[in-house]
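**Q** As a plain string of letters, each chain reads:
2 protein chains.
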Amino acid sequence: MYKALLATAVAATLTSGAAIAQVKPEILVKQRQAVMTLQGKYFGPMAGMAQGKIPFNKDVVQRNAGYLDNLSRMAWDGFVDSTKDVKSAALPAVYTDSAKFKEAASRLENEANKLYQVSRSGDEAAIKAQIGAVGKSCGGCHESFRAKQ
Amino acid sequence: MYKALLATAVAATLTSGAAIAQVKPEILVKQRQAVMTLQGKYFGPMAGMAQGKIPFNKDVVQRNAGYLDNLSRMAWDGFVDSTKDVKSAALPAVYTDSAKFKEAASRLENEANKLYQVSRSGDEAAIKAQIGAVGKSCGGCHESFRAKQ
Numbered sequence: 056m057y058k059a060l061l062a063t064a065v066a067a068t069l070t071s072g073a074a075i076a077q078v079k080p081e082i083l084v085k086q087r088q089a090v091m092t093l094q095g096k097y098f099g100p101m102a103g104m105a106q107g108k109i110p111f112n113k114d115v116v117q118r119n120a121g122y123l124d125n126l127s128r129m130a131w132d133g134f135v136d137s138t139k140d141v142k143s144a145a146l147p148a149v150y151t152d153s154a155k156f157k158e159a160a161s162r163l164e165n166e167a168n169k170l171y172q173v174s175r176s177g178d179e180a181a182i183k184a185q186i187g188a189v190g191k192s193c194g195g196c197h198e199s200f201r202a203k204q
Numbered sequence: 056m057y058k059a060l061l062a063t064a065v066a067a068t069l070t071s072g073a074a075i076a077q078v079k080p081e082i083l084v085k086q087r088q089a090v091m092t093l094q095g096k097y098f099g100p101m102a103g104m105a106q107g108k109i110p111f112n113k114d115v116v117q118r119n120a121g122y123l124d125n126l127s128r129m130a131w132d133g134f135v136d137s138t139k140d141v142k143s144a145a146l147p148a149v150y151t152d153s154a155k156f157k158e159a160a161s162r163l164e165n166e167a168n169k170l171y172q173v174s175r176s177g178d179e180a181a182i183k184a185q186i187g188a189v190g191k192s193c194g195g196c197h198e199s200f201r202a203k204q
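Read top to bottom, the protein sequences are chains A and B.
Note that the working numbering has the first sequence beginning at 56, numbered continuously upward.
Note that the working numbering has the second sequence beginning at 56, numbered continuously upward.
This is chain A alone, in the form it adopts within the complex (with noise of 0.2 Å):
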């Protein structure tokens, strides 16, 4: 199993852009929606209680926000100029843009951090602003560099 990961996996965090560029462009891809993937199934159920739809849970809340602030920051070293090609959803301006596309990705990994901070208070009001100012800031980035679902 260690080999099989060897495989695959050796270089995709390193921090150096010639060592990310040796991990296959479809793996990239791969692990960049993995992220998104957990980032929805962490955040959907905050987004759920901020909007009064389930029961406000802190725990819950505690724990998945914690998850995301990792999570946040996980994705951007996958959205590098040897994947352009590959089929996934987003658009050229990640590729031709990505100056703002750093900034949108600073802003969650920011207000993903604000709210595991203010998630320790067990303040639901201040917790349920902060949440939307996550969907927010996931939302600003996929308006302008992801393709319409």
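I should point out that these hints are in silico values taken from the structure, not numbers from a laboratory.
Be aware that a few hints might be false.
Where chains are identical, the list cannot tell them apart; a pair therefore holds if satisfied intra-copy or between any two copies.
Dumping the calculated DSS-like pairs for lysine-lysine here, alpha-carbon to alpha-carbon at most 25 Å [to be verified]:
{"id": "1", "residue 1": "K108", "residue 2": "K79"}
{"id": "2", "residue 1": "K85", "residue 2": "K142"}
{"id": "3", "residue 1": "K113", "residue 2": "K183"}
Guided by the hints, dock chain B onto chain A, whose structure is given.
**A** Then chain B, alone, in the frame of chain A:
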């Protein structure tokens, strides 16, 4: 985007089995496979370092170990009975021998958490030994509960 997430993931992470059951089995499988994909992304380079195949990098290990500590807890609520008939590499034993499966899952969580702790120490030999222990806990579970790849 709020609404799109709600449609697919609203109850995925609530702790009650009843809530989990509301999420489509195919989504649960997609989510747990996403966790495995990302565990590979972040464990792969650490395995390479432990085996001397790529240079040891303390900063990468600390980051990856932190991510893996989180990821190691994300997959298990997706291995529920409703997913039994969805095509995946999970063997029937996941559902028929759930006590042993849970034990194997806990082993990964514990070893990944230990790796996170030891990664803070900067002790290269201890870190490499613990990377090996994490690898064994991955392999141990795959041996009994995943179809041969």
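**Q** It remains to establish, for every hint, whether it holds in the given structure.
**A** Evaluation of the provided hints:
1. K108 to K79: between (41 Å within a copy, 18 Å between copies)
2. K85 to K142: So K85 and K142 pass the 25 Å test inside a copy (11 Å) and across (18 Å) alike.
3. K113 to K183: For K113 and K183, only the intra-copy Cα distance (11 Å) is at most 25 Å; the inter-copy one is 37 Å.
Of the numbered hints listed earlier, not one is contradicted by the structure.
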